[in-house]
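Engineer: What follows is each chain in one-letter form.
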Amino acid sequence: MIIKTISTILSNEPVGENIYRIELLSPEISTASKPGQFINIKVSENLDPLLRRPFSVYNVIDDRIQIIFNVVGKATKILSSKKVGEKIDIIGPLGNGFNLNDDFDTALIVAGGLGIAPFPFLTKILKEKNKNIISLVGARTKSQLVLDGFVNVNTATDDGSYGHKGTVVELFKLKVMNNDIVKTPSAFKVFACGPIPMLKAIIELCDKLNLNCEVSVEAPMACGTGLCQGCAVKTRDGKYKLACKDGPIFNSKDILL
Amino acid sequence: MIIKTISTILSNEPVGENIYRIELLSPEISTASKPGQFINIKVSENLDPLLRRPFSVYNVIDDRIQIIFNVVGKATKILSSKKVGEKIDIIGPLGNGFNLNDDFDTALIVAGGLGIAPFPFLTKILKEKNKNIISLVGARTKSQLVLDGFVNVNTATDDGSYGHKGTVVELFKLKVMNNDIVKTPSAFKVFACGPIPMLKAIIELCDKLNLNCEVSVEAPMACGTGLCQGCAVKTRDGKYKLACKDGPIFNSKDILL
Amino acid sequence: MIKTEVIVGKLRLKNPVLVASGTFGYGDELIGTIDINKLGGIVTKSLTLKPKVGNPPPRVAETPCGMLNSIGLANIGVDKFINEKLPLLRNFDTAIIVNIAAKRIEDYCEIIKRLEDTEGVSAYEINISCPNVKEGGLEFGTNIEMTAKIVNATRKLTSKTLIIKLTPNVTRISEFAKVCKEEGADAVSLINTVVGMAIDIKTRKPKISTITGGLSGPAIKPIALAKVFEVFQNVDIPIIGIGGITTWEDAIEFMIAGAKAIQVGTANFIDPNTPINIISGIIRYCEENKIEDINDIVGSIIVETFPH
Amino acid sequence: MIKTEVIVGKLRLKNPVLVASGTFGYGDELIGTIDINKLGGIVTKSLTLKPKVGNPPPRVAETPCGMLNSIGLANIGVDKFINEKLPLLRNFDTAIIVNIAAKRIEDYCEIIKRLEDTEGVSAYEINISCPNVKEGGLEFGTNIEMTAKIVNATRKLTSKTLIIKLTPNVTRISEFAKVCKEEGADAVSLINTVVGMAIDIKTRKPKISTITGGLSGPAIKPIALAKVFEVFQNVDIPIIGIGGITTWEDAIEFMIAGAKAIQVGTANFIDPNTPINIISGIIRYCEENKIEDINDIVGSIIVETFPH
Ligand SMILES: Cc1cc2nc3c(=O)[nH]c(=O)nc-3n(C[C@H](O)[C@H](O)[C@H](O)COP(=O)(O)OP(=O)(O)OC[C@H]3O[C@@H](n4cnc5c(N)ncnc54)[C@H](O)[C@@H]3O)c2cc1C
Ligand SMILES: Cc1cc2nc3c(=O)[nH]c(=O)nc-3n(C[C@H](O)[C@H](O)[C@H](O)COP(=O)(O)OP(=O)(O)OC[C@H]3O[C@@H](n4cnc5c(N)ncnc54)[C@H](O)[C@@H]3O)c2cc1C
Ligand SMILES: Cc1cc2nc3c(=O)[nH]c(=O)nc-3n(C[C@H](O)[C@H](O)[C@H](O)COP(=O)(O)O)c2cc1C
Ligand SMILES: Cc1cc2nc3c(=O)[nH]c(=O)nc-3n(C[C@H](O)[C@H](O)[C@H](O)COP(=O)(O)O)c2cc1C
Ligand code: FES
Ligand code: FES
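Protein chains in written order, with this note's numbering: chain P, 11 to 267; chain L, 11 to 267; chain W, 323 to 630; chain X, 323 to 630.
Heads up, a few of these hints could be off.
Computed spacing ranges between beta-carbons, pair by pair [to be verified]:
no.	chain 1	residue 1	chain 2	residue 2	range
1	W	R412	L	N28	32 to 42 angstroms
2	L	S21	X	D522	46 to 56 angstroms
3	X	A470	P	N28	51 to 61 angstroms
Taking lysine to any residue pairs in the SDA-like style, the calculated list, with each CA pair at most 25 angstroms apart, reads [stated by the list, open to error]:
no.	chain 1	residue 1	chain 2	residue 2
4	P	K244	W	K527
5	L	K14	L	T41
6	L	K249	X	P379
7	P	K84	X	S602
8	P	K92	L	I191
9	X	K374	X	I329
10	P	K97	L	I191
11	L	K87	P	K251
12	W	K500	W	D558
13	P	K251	W	T355
14	W	K478	W	E432
15	X	K524	W	E327
16	W	K332	W	I601
17	X	K360	L	I12
18	L	K251	L	L110
19	L	K251	X	L410
20	P	K52	W	E571
21	L	K244	X	K527
22	L	K263	L	D113
23	L	K141	L	K84
24	L	K84	W	E609
25	L	K52	X	W570
26	P	K210	W	K527
27	W	K500	W	Q555
28	L	K84	X	P379
29	X	K524	L	G83
30	L	K134	L	K251
31	P	K84	L	K93
Residues from chain X shown here face chain L by an in silico Cβ test under 7 angstroms; the list is partial [to be verified]:
no.	residue
32	T345
33	P379
34	P380
35	E384
36	C387
37	I393
Rather than coming from a laboratory, the hints here were simulated on the basis of the structure. Values in this document were obtained by computation on a predicted structure and should not be read as measured data. Note that the Cβ used here is the ideal one computed from N, Cα and C, for glycine as well.
Taking the hints into account, I'd like the entire structure generated from these sequences.
Structural biologist: Below, the structure written as structure tokens:
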């Protein structure tokens, strides 16, 4: 069920370099959301920017929903300047969300850059399910690391300003090799979100190690609701799936990035 | 000299039904402005609305400039919701302004609806020049009459809720006929601003009475600076003048509305 | 009570507001989200004879007040539509207009034959104007002889309302509309998307995998409106207006310019309730302007001079 | 130091950023407001043989991310331009490209003859694509034989750079560019405005006195870019890109698509400093991307497949 609602902004604050977190009042969407899903926001009443913009559900707290975003273009710039009390038109929850019914003991969360977005909510639900969690979070530099809502965190920064110096993929390799994961792969499930090159690398590693892995995939979207067929993601059998409906969460075995 | 500046909004308040007044800090434009001129405002940093919107200089107070406007479409809606302290991109002062060098003792100001806009500033300057002033102001209804800055005011409302019941044109006829204007037309100068049908009627009457008359003409504008040739106003010799450069103030003898 | 029914060919629409092909799936995507029964009609995603996976990503990109798309007619194929979608759609009290695309005339015909054997199709819209497929598509829609042949061939196969969807990417669209009329089409719908392009200056690659794509949305509204008026002035055939319609005011503009019905496309992506809001807006406009029959708006433009 | 000079025909431009015809007056309007010497060049308002008063109002209307205009080539005529404007313009260190419009081939020729006798003209831009005049204008620009004749006739009269300004309102713009090349034109500039329309639903009258007008502004940028790329791919002739360019990023997009120079039109109305800002933006882009010569951007698009 898709819910369209005019939601009130409860807070909007910078939480990192060029990174903002917005909290929205939306009882209906909060209740209906699952980790990995997203909401689609119309940031302006005018025609520019025209289309809605998709943002992962960062967290759900009672009747409130949070998003976190990087200011990269005009819509995110407008969002970053929204004031508390302003209203905003949102549709959600959209997409499929992570599958938590697999048989695994330990969740291995891998986030690169704003790929952190879906994980505080996922972490919360995993904790409720008593899963072990290992979090690997990478960013370009310390000021862009936002670690709220993560547990058992290992960090990597490109410039070495915090944690491991290097990418989160390298960190993943390190952790996986020094761990018993390679011995008992079935006990683990990887959840990854981040830029396409990072996801590609993680998928390749998971393929090699035969690890169960789900990734959150970003694709340019026009509708977010399955109407336009715009958000195609290539599948391993040479067809396409829709990031907005069949995804944004895909099993790594299904897709070809 | 055209000045383009990013100006701070000092106040924005409703002053009538659907009517707002904004005060802007702009020392350069304030100093340079003459009554009858206008400023051209980019209300949004985004591409919709695209073009600037022209507004008469309502008043100048020291280093501040005021405009007054009716909410009629998307740009004026956005303007009405601007907060104190926000910045706004303006160009001005534009256009020619009223000619106050004519030989007249008494100014007869005629304003219909938001046609009041240029007159508080004009009134101020006329007072400095020790002219007599008679003001005729018309609106649809009382709640749309904004009389600040006028002196010696006679009002008309379509619904009779305040002053004469009827149009400002009727009021003009009444006043002119009951006055010595017809006898000594050269002592008077009419300054009119309002909707086209009103201006047409006033011009016709002034023609008949041989009254010196200047009108402020609104035409759809793209640039406001003489670049586009968009704001054509027909002249009596079958050519066109530009409302933004040759106007918006025209002698009633020159144009054909 | 405002009379909102309009007639296009043999097709009675309870109101003039349709949803455009490719912007509403097969009509089933939003069941439960919006009240389908309120729509004048649904135009399905273009169906081809065989299923098509469509073009590689990226398939969409935003442009000023518009968007580019190159979906490449990704669709489930006519048979699956008949078996899986049509049975659902039949239950709704709205017109089902099946949009058809093909690479060859024979394929257009074969699709119609298969659909003629089923229940629930109200009319056909023949897409000869998709800019995003290698064969068929624009090549047909910019070629007047080919247009004539397709209309002629499909007309023979059905007595249902036959609507031809035209492309704006031609010098004189009214010449195409004229041929459609001559060959027996009941109506034309215009416009399909305008060929457009965008480049990512960081990668220097086109933002759409097929380099160019189809431009839609408010940006093209003035273009669409001019095309509608051109056809209205020059050809006596019912027109369905499409292009950037986002508000009820937009819809009224198209009707004043000569459109008997309109389709909402890109605006569905922003708000799936757009068509419903447009319907109520039109009714309000009629009430306020004391228009009893919506048809009185159609072509009611007041012009003093004539365009050149 | 980035090399910003580009060469179009025989014309050396110190940078690729020009202002478009009809959006910058005769170049004298903004003297004192912006630094004219920084511009790559000025394209004048279209000049006709005799002065023209232009079309009746309303002449402009805003549309989503764009505007319609129907100025009707209001201009002071070539003689007054030569006597009153050119002497001023000559003083600036920028290319002066005189844009010419006419109803008859002989008039195009006569205008060029008069201009050939004066000093200060850097190049000609022949407008065969104005949508807002009854004769000439679009009728020329959508007719390939007429296009050939005009280029042929004007080419004979001057050894200066001859640029032909094309209309997007045709099925295949590259066919027109090809003819221009064959007849000896040095370059093509594209695009002129797109035919469009808007209606005031209160009065049911067109918002533009001539019913249709020319659509310009960001809305048409994707269309213009597709046309530039179509010509770049198919015809070996220098291209000047025009259409919706508002930011330096837009300008870079056009250059990547194949434009050697670009013109800023509607954006001048919003901010007359746009061209200057674009020039500095392009230079910054070159610096950041270690591009030493601006010409290296031209046509540097990376494409895997080819458009259809
Ligand atoms: C399912 C989904 C969930 C997302 N969740 C988040 C999130 O939680 N936090 C967050 O910061 N961002 C998220 N994004 C990306 C976010 O939607 C874009 O950053 C946003 O749309 C940019 O809008 P803009 O107008 O500011 O930038 P634009 O001006 O539209 O673009 C600026 C730059 O970002 C790129 N870009 C724009 N949209 C996308 C996109 N959808 N995918 C990849 N690149 C894009 C453009 O190519 C351009 O380089 C998500 C995207 C998807 C599809
Ligand atoms: C020189 C000049 C001075 C002006 N001074 C004032 C002023 O002091 N106060 C004020 O309230 N308004 C003034 N106006 C009119 C003002 O510019 C328009 O109301 C404004 O541009 C509307 O913008 P919008 O986006 O809100 O409405 P839009 O959505 O653009 O239009 C809404 C409605 O207003 C009409 N409209 C829009 N622009 C104009 C125009 N320029 N002339 C006539 N009708 C128009 C449209 O046709 C439409 O019906 C002035 C206009 C000019 C040319
Ligand atoms: C994502 C997308 C997919 C489309 N798919 C089709 C299609 O399959 N068949 C078709 O005839 N038109 C298709 N169109 C064109 C629309 O039906 C419509 O003609 C066009 O988008 C203009 O209308 P709009 O501006 O309201 O979107 C598509 C448009 C979009 C944006
Ligand atoms: C108000 C206006 C007047 C124009 N006048 C002319 C003209 O006289 N001659 C001409 O060749 N093009 C004319 N044009 C077209 C522009 O030069 C340009 O080709 C077009 O506007 C597209 O560019 P833009 O989107 O940057 O404005 C005019 C455009 C506008 C908006
Ligand atoms: S974004 Fe439209 S189908 Fe996924
Ligand atoms: S508004 Fe452009 S010339 Fe007057």
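Engineer: Measure nothing beyond the straight line between the CA atoms of K84(P) and K93(L); if it is 25 angstroms or shorter, mark the hint as holding.
Structural biologist: At roughly 20 angstroms apart (the allowed maximum being 25 angstroms), K93(L) and K84(P) satisfy the hint.
Engineer: Holds or violated: K84(L) with P379(X), Cα cutoff 25 angstroms?
Structural biologist: Cα-Cα ~23 angstroms, so holds.
Engineer: Would the hint linking K524(X) and E327(W) be met if the CA-CA limit is 25 angstroms?
Structural biologist: holds (23 angstroms)
Engineer: Should the hint that P379(X) touches chain L count as held when the rule is a Cβ pair under 7 angstroms?
Structural biologist: P379(X) check passes; min Cβ-Cβ to chain L is 5 angstroms, inside 7 angstroms.
Engineer: Look at the Cβ atoms of S21(L) and D522(X) and judge whether their distance stays inside 46 to 56 angstroms.
Structural biologist: 34 angstroms Cβ-Cβ, so the 46 to 56 angstroms window is violated.
Engineer: Grab the minimum C-beta distance from T345(X) to chain L and call the hint holds if it beats 7 angstroms, violated otherwise.
Structural biologist: holds (6 angstroms)
Engineer: What's the verdict on K251(L) and L410(X), does the C-alpha distance respect the 25 angstroms limit or exceed it?
Structural biologist: Holds - the C-alpha atoms of L410(X) and K251(L) are around 23 angstroms apart, at most 25 angstroms.
Engineer: Quickly compare the C-alpha distance for K210(P) and K527(W) to 25 angstroms and report which way the hint goes.
Structural biologist: holds (20 angstroms)
Engineer: What's the verdict on K14(L) and T41(L), does the C-alpha distance respect the 25 angstroms limit or exceed it?
Structural biologist: holds (14 angstroms)
Engineer: Between the alpha carbons of K244(L) and K527(X), is the straight-line distance 25 angstroms or under?
Structural biologist: holds (19 angstroms)
Engineer: Taking the closest Cβ pair, is C387(X) under 7 angstroms from chain L?
Structural biologist: holds (5 angstroms)
Engineer: Are the Cα atoms of K263(L) and D113(L) separated by 25 angstroms or less?
Structural biologist: holds (16 angstroms)
Violation of the numbered hints given earlier is confined to hints 1, 2, 8, 9, 10, 11, 23 and 30; the remaining hints are satisfied by the structure.
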